[in-house]
Amino acid sequence: MSNAPTVDTDALVQGILDGNRRSLSRAISHVEADTPAGRELLARLYPRTGHAQVIGITGSAGAGKSTLVGAIAREQRKRGRTVGIVAVDPSSPFSHGAILGDRIRMQDLTADGGVFLRSMASRGNLGGLSESATGVADLLDAAGFDVVLIETVGAGQDEVEVANAAGTTVLVANPGGGDEVQSMKAGLMEVAQVMVVNKADLAGADTAVTQLRALLAIADLGAWRPPILKATARTGEGVPELIDAIDSHQEFIKTSEHAEEERRKHAERQLVAIARAILHREALSAASQSGALQDLVSVVADRTRDPRSAAEELLVAVRREWAGR
Amino acid sequence: MVTTGAPIRVLIAKPGLDGHDRGAKVVARALRDAGMEVIYTGIRQTPQMIAEAALQEDVQVVGLSILSGAHLELFPRVVEELKSRGIDDVLLFAGGIIPNEDIPKINEIGFKGVFGPGTDTNDIIEFVRNNAPART
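Residue numbers (the numbering used here), protein chains in the order written: chain B, 372 to 696; chain S, 49 to 184.
Treat the hints loosely; a few may be bogus.
Here are the computed lysine to aspartate or glutamate pairs in the DMTMM-like style, where the Cα-Cα straight-line distance is at most 25 Å [unchecked claim]:
#1 S:Lys131 - B:Asp483
#2 S:Lys73 - B:Asp479
#3 S:Lys131 - B:Asp479
#4 S:Lys131 - B:Glu639
#5 B:Lys625 - B:Glu612
#6 B:Lys625 - B:Glu639
#7 S:Lys160 - S:Asp69
#8 S:Lys131 - B:Asp460
#9 S:Lys73 - B:Asp389
#10 B:Lys449 - B:Glu612
#11 S:Lys131 - B:Asp379
#12 S:Lys153 - S:Asp66
The following label-pair restraints were derived from C-beta to C-beta distances [unchecked claim]:
#13 B:Glu653 - S:Pro181: 30 to 40 Å
#14 S:Asp171 - B:Arg647: 37 to 47 Å
#15 S:Leu120 - B:Val668: 57 to 67 Å
#16 S:Asp171 - B:Thr377: 26 to 36 Å
#17 S:Asn170 - B:Ser627: 58 to 68 Å
Hint data in this document are derived by calculation from the structure and do not stem from the laboratory.
Just so you know, even glycine gets a beta-carbon here, dropped at the ideal spot from N, CA and C.
Construct the entire structure; sequences and hints are all you get.
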């Protein structure tokens, strides 16, 4: 490992609070890579967050999330709000590289000084995605953006957790394409506070709305009833109504009799998600350092030991390693 | 596990008005397959858009693809826009149709590599790996 250059975190914090986009961008890189400077920046800037509406946008690949995020950002700008965007795309599990193409759908926004768009690769780092993506959203919040949009492919636990960290999560569905079963599988119904059937100009939009409504009828909901809307992101149709629905939910979180409870639940979800990521990473690191991981992998591979009991023993080794510190 | 050496981040952009991005996409894929994070902006980018994207994405490397012949017009303006945003430490390279006699001029304004048609993508990967400025 090369000598890490010293990072002037004072200057980065000041730059972010002053609206310097370069400072913000560099700070995001630190948070994304989970460097010591990144952790310090988050610790120092977190008390300055809480101003922004944090909105998660999730749905299956090809649902039109990027286009919709662009349309939402444009409409928010019309309403005089500044917009920070975190667009997460998967890293290749083979090369760990990624092609991040969300800017293609939001080219016009690049020239707008009231918008900041950052593409993020999931980097497959042991459940750390929610940790880093929400950290980046926190930086955008601290930098003073009125609205922060986090876009993820709703495909797995990590992505659901990212959506979970938002104040309002929007599930993007499409006409046809078996969304009903897919969204139930991914457990996305439970995390969405607003649902939108995008590409509503295609046939089958009303059927998709009906399906979602039927699913909601059997879901375990609290006091908030998720509205189901239709939109065509490509033309912007339905987007003002979508933003109104998001605003209603934001208002609900702030003013309902459950506001305090909602805030605590939200804080708990975030805390648990990050703690889980750290625990996961540190436990595997301890298991690997003690050699227990490699040994147990061998006996499971030989089929002389079942994976369940091997996992139990792995945890015993982790506890021993931690106790010895 | 400590995160050491985050992937190299590269912006691949097409300045100007030609709409042919096959080459840009081939390079983007090759760099992705070499483990880099590649931000692709799409076609018809102004120098301001390219510089602003480089800033927001905090990339170490910017690759420009051009086939329209306007490279001597547009490349200096991209460099200017980068500098006006305080970005003077990114590795610049170019690809597309660039006549040999123009290459020294492009090198002079800060483009370390120029890759024409028929380039082996492995040469581009090696060039980026060897020349990308280090990040924390």
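key: Structure-inconsistent hints, enumerated in ascending order   = Failing hints, ascending: 4, 8 and 9.
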